[in-house]
Amino acid sequence: MGIAVDRTKTFGNAIDGDNYLNASSGIKSWMFTLDHKRIGVMYLIGVTFALFLAGIFALVLRSELFTANKMFLTEAQYNQMFTLHGAVMVFAFIIPSIPAALGNFVLPMMLGVKDVAFPRLNLCSFYLWVIGTLFLMLTLMMGGLDTGWTFYTPYSLKTNTGVIFATFGAFVLGFSSIFTGLNFLVTINTMRPPGMTWFKMPLFLWSLYATSIIQILATPVLGITLLLLLAERIMQIGIFNPAYGGDPVLFQHFFWFYSHPAVYIMILPGMGVISELISVHSRKKIFGYSFIAFSSVAIALLGFLVWGHHMFTSGQSALVTIIFSAITFTVAVPSAVKVFNWLATMYKGCISLTTPMCYALSFIFLFGIGGLTGLFLGTLSTDIHLHDTYFVVAHFHFVMVGGTLTALLGGLFHWWPKMFGRMYNEFVGRIGCFLVFAGFNLTFFPQFVMGSRGMPRRYARYDPEFEIFHQWSTFGAFVLGIGILISFVCLAYAAFKGPRCAGNPWGASSLEWQSSSPPDFHNFVHNVALCDPYDFSTQELDEELDTFVHREFMEPEEKPVPEVEPQHT
Amino acid sequence: MAHDDHGKEHAPFIAHHFDDEQQQFDAGKLGIWVFLVTEVLFFSGLFCAYVLYRYSQPEIFVEASEFLDKVLGGINTIVLLFSSLTMAVAVRAAQLNQRKVLIYNLMITMVCAAIFLGVKAVEYSHKWDEGILTRGYYNFHHPDHGEGLHISKYLYMLSVIPAILLVVFTAGGVVFKVTNEAKKSLFFFGLALMMGGYFLGAVGGKIYMEAKTKATAAAHEGDGHDESHDHSHDEKDGHGDDKGHASLESRWTPVVYRQEKTKQDGSKQDGSKQDKTKQDDSKSADDNKSKQPESAGKGSGEKSDDKKDESKKDDTKKDDAKADAGKESGAPGDTASVTEEERQRRVGIFFSIYYCMTGLHAIHVIAGMIALSWLLWRAIHGHFRPDYFGPVDYVGLYWHLVDLIWIYLFPLLYLIN
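Here the protein sequences come in this chain order: E and B.
Residue numbering for the first sequence is 1 to 569, as defined by our numbering.
Residue numbering for the second sequence is 1 to 417, as defined by our numbering.
Quick caveat, the hints were computed from the structure, so don't treat them as lab data.
Glycine included, every Cβ here is placed at the ideal spot set by N, Cα and C.
Wrong hints could be hidden among the right ones.
[What the hints assert, rightly or not] With a cut-off of at most 25 Å between alpha-carbon atoms, the simulated DMTMM-like pairs for lysine to aspartate or glutamate come out as follows:
hint, chain 1, residue 1, chain 2, residue 2
1, E, Lys-200, B, Asp-19
2, E, Lys-28, E, Asp-16
3, E, Lys-348, E, Asp-532
4, E, Lys-285, E, Asp-535
5, B, Lys-214, B, Asp-20
6, E, Lys-158, E, Asp-532
7, B, Lys-153, B, Asp-19
8, E, Lys-200, E, Asp-532
9, E, Lys-9, B, Asp-19
10, E, Lys-284, E, Glu-426
11, E, Lys-200, B, Asp-26
12, E, Lys-200, B, Asp-20
[As the list claims (entries may be wrong)] Label pairs and their in silico Cβ distance ranges:
hint, chain 1, residue 1, chain 2, residue 2, range
13, B, Ile-161, E, Arg-120, 25 to 35 Å
14, B, Lys-183, E, Val-130, 30 to 40 Å
15, E, Ser-63, B, Leu-165, 48 to 58 Å
One chain only, chain E, in its complex shape:
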C-alpha cells in the first residue's frame, strides 16, 4: 500500500516551485483570474480594507463618545458615522468575510477539486462586491447617509442624505452574496469527489453549505426590498410611505426577513472555522460530528422564522410577538449544541495554544456571552426595557465581532501557511489575539451595563452618569483596534518575510493540506487520498520535509505503483 510521489513537490514548500501565485504575473493575470485561490486573496484584501475603513469610523464614534458633551462631531455627523460604520461593516465586510475570502480559497481544496463550479460567476461576484462597496464609499462623498444601516422607512424616504447610492450599493452587494452562495452550493452538491459522502465532509463545508442556503433564500428578498425602497424614493410608489397610505412596518418585515437570516450568514461560517480549528489544534477527533453538521442546517432553517423579534416594539400583534419569541429561543438549542461539542472535543485533547487555537478559545467565550444575552432580548418583557439600548449594541457586537471577526482571524492564522507558504510569528500572533480579546471585552462589557441602565443606542450626547462606562468602552475600542492592526501586520509580514513552511504544518487531515504550500495552480499535484477529515492518525511526520504527510504517501518511492483512484472509503 502506498502511492509513489515526489513528496517534496507534492507536499513541500512551493515558493520557489510552481504555485498559484507565480503561475502567471502582471496585474491583468489577477484582475481576470478565474482561479478561486486568487479570487479568495483579492476578496481578502478587499474585506480587510472595508474592515479598516469601518473600524476607523468606529474609533471616531468611540472618541466622540468619550465625553458626554460634544467633542468634535455634530449630531448629524455622528449619525452619518454610525450609519456608515454599520453599513460598511455588515454589507461589505462581515457578510463576505469568511465565506467569500476564506471559503473561496479553502472550499474547493477541501473537496479536492480544481475550482468552484462556476469560476466566471465567482469573479463576477467579486466585481459586484467591488462595485457595491464603491457605491457605499460614494455615499460618503454624496452627503453621507444617516438612516442607520437598516434604512428604516419613513425616515429613509425623507432624509436628504445619499439613500439612493447606499441602497443601490447594498443591492449590488446582495447579488454578490447570492452568486457566491449559489456557486458554493452547486460546488458542494455536484463536485464532491467519489467517496466523499455528505457525512465525510469537513464541518467547514457543512457550515458554508448552510450559509449558501441562507444567501440564496434570503438575499433576493433584500434585493427586492431595497429595489422597492429605491422605487419609493424615485417614483413615490407609496408602499412604504405612510403619507400615501403605505405601511412602514412592512418595510421592517421585508428587511428583517433578509437581515435576520443574514445574521446567520455572518456567524455560521465562523462556527465552521471554529469546528476545524478546535479539532485540529486539540489533535482530537471532533466530538458529535453529525450534531454539529445538523445544527448548522437547523440554524439556517430556524433563522428564517424569527425575523419578527426585531419588531417586538414596532406594533405587531401580541400573538405574533409571542410566536416569534418562542421560535427565537429554539435557535439557542443548535447554537448550544455546537458550543458543547467544541468543549467536548477539547476534553482530554492534546491542545496546543497556537494563535488559531487562542482565537478559537476566545470565540467560544465571546460567542457564549453574545448568544446568551440574545436570550434576554428574545424575552418579551425584558426586550421592552432593553430594546434600542446599548445592551443590543453589545449583544450583536459580541456575536459579530466576538464571533465572526475572531473566527476570521483564527481562520486566517490557521490557513495562512497554506495560502502563502510562510509561517507567521507565533509570539506576535498571540499578543494580537490577547489584545483583541481584552480590548473587545473592555469595549463591549461596559455597554451591557450601560444598556441595562437605560442608555439608548445611536445617541451622540448622553447623561454624565454614563460617562465612566463610555470612557472604558472607548479605551477598549482603541486596544481592540491595535490588536486587530497587530494581527494583520503579523499576517502581512509573514506573507512576505515569514519562515517557509511545508504543506501540512498542523498535521490536519482535511484535503486542502494534501498539497504544497502555496498550492499549485491546479491545487493538487497528485491525486488526493481521501480520509476522515478528523482522524489525525492518518497523518505521519515526514522528518525530511518537516511536515505531516498522509501515510499512504509515506511508503518508499522505489515501488512503482500504478496510478490508483482515491481510496473509496
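Chain B: place on chain E using the hints.
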C-alpha cells in the same frame, strides 16, 4: 481531482475543473435551478406587497384594474406562451443536432420577446399620457387628443433605443453580408429581426388602441350597449369634438367612479353630507358608521350603490387615519376633505405595484433577449451538439420562468374583475 486524473482527453467544451460532461451539465442545471429559486424569491416580495394591499383595499384593485386593457394583456400572454413553445423546440433541436431548427426557433423566441415589449410600450405610454402613474405622481386626466392618429410622445421615447438598435443591427448584417461573413451576417439579421418584432408589437398595439378608441366613440354615438357603458354621459349628446371628448371620458373612467359620479350628480345632498363627515377630523369612526346607514338608505338600493357606499365608508375611515401623515409630508391632496381627485389618487397604489411588477418582468424579458442573442451567436457558430447543449437548456429554463411569472401577473393585474 488532481490533474493527472485528466490524462484522458478533455472535450474542448468541458471546463478544466470538471471531470466529464455529465458533471458539468449537472452543475449547470443545479445552478440555473437555484438561480430560478432566487428569482422567484425576488418577485415574491412584490407578490407579498400585492397580497397585502389587495387584501386591505380590494375595491381599489377592482377599480384600478379596469384601466388595464385585457386584450393587449391577452395578446402578450399568447405571445409569451408561444415563445415558450419555440424555446422548448429549440432545446429539443439542440439535443438532436438540428442546427437550422435551433437557429430559427431561437429567432422566433427573440422576436416574440420583442413583440411583448412593443405591446408593453404601447400600454405604458398610453397610461403615462393620462397621468396614470405611481401613487405619489398619480394624476389621472383625460387625454386631450384631437381627432386623428395620436401617437404618444412617450411611445416615441420608448422606441428610440429599439430604433437605433434596429438600424445598427441591420447595418451590421448588411456590412457582413458584403464582406461575405455569412455567420456574422446571419447573427446581425437575427438581431435586426428581433428589433423588428418590437415595432411589430408597438404598431400592432397602437392600431388596436386607435380602433378601440374609435369603437368606443362609435358605440356612444349609437347609444351604448357595452356592459361597462355609463348612461350618465349620454346626456352630453352634442356633436363633434364635444362628443368625442365625452366618449373618451367614459371610456377612460373606471366603472365604479362613473357610478359615484352619477350618484353625486344625482343626489348632491348625500355627497355633501359625506364631505362634512370628512371635514371634521375629530369625528370618530363610530360617527361615520352611524352616518353610513343613512346614506345607504338614501341610495336607490341598487347593488352598485351599496358597493359604492361600502368603498366610500372604507375610504372615510382611512382618511381619518392618514390625515396627519398626509399633512406632515405635504402629500398631494387636501386630506381634511377628500376630494374626488384624491380618492382617485388612491388607485395609484395599484399602479405602483403594477409598474414594479411588470417593469421588473420587462427587465427580465430584456435580460432574456440578451441571453437568447448569446445563444443565437453560439448556435450559428455550431457550438451546440447532442453532448453539449447545456446553455440552451439553462436559458430555456430561465425563459420559461419569465413566461410563468407573466402567467401569474396577467390574471392578478388584468383580470381582477
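So, going through the hints one by one against the coordinates:
1. The suggested pairing of Lys-200(E) with Asp-19(B) holds, with an alpha-carbon distance near 20 Å, which does not exceed 25 Å.
2. Only pairs whose Cα atoms come within 25 Å are accepted, and Lys-28(E) paired with Asp-16(E) is accepted, the gap being roughly 22 Å.
3. Of the pairs offered as hints, the one joining Lys-348(E) and Asp-532(E) holds, with about 20 Å between alpha carbons and a cut-off of 25 Å not exceeded.
4. Taking the CA atoms of Lys-285(E) and Asp-535(E), the gap is about 6 Å. The hint holds against a cut of 25 Å.
5. Restraint check for Lys-214(B) and Asp-20(B): the C-alpha separation of about 63 Å exceeds 25 Å, so the hint is violated.
6. For the suggested pair Lys-158(E) and Asp-532(E), the alpha carbons sit about 57 Å apart, so the restraint of at most 25 Å is broken.
7. Taking the CA atoms of Lys-153(B) and Asp-19(B), the gap is near 56 Å; set against the 25 Å cutoff, the hint is violated.
8. With a C-alpha separation of about 6 Å, the suggested pairing of Lys-200(E) with Asp-532(E) holds against the 25 Å cut-off.
9. With a CA separation close to 24 Å, the supplied pair Lys-9(E) and Asp-19(B) stays within the 25 Å bound.
10. As the CA atoms of Lys-284(E) and Glu-426(E) are separated by approximately 22 Å, the hinted pair is consistent with the 25 Å bound.
11. Taking the CA atoms of Lys-200(E) and Asp-26(B), the gap is near 21 Å; set against the 25 Å cutoff, the hint holds.
12. Taking the CA atoms of Lys-200(E) and Asp-20(B), the gap is near 23 Å; set against the 25 Å cutoff, the hint holds.
13. Distance hint for Ile-161(B) and Arg-120(E): a CB-CB separation of about 27 Å, consistent with the stated range 25 to 35 Å.
14. Checked against the hint of 30 to 40 Å, the C-beta distance between Lys-183(B) and Val-130(E) comes to roughly 35 Å, which is consistent with it.
15. A hinted range of 48 to 58 Å for the beta carbons of Ser-63(E) and Leu-165(B) is consistent with their spacing of about 55 Å.
Comparing the model with each numbered hint stated earlier shows that hints 5, 6 and 7 do not hold.
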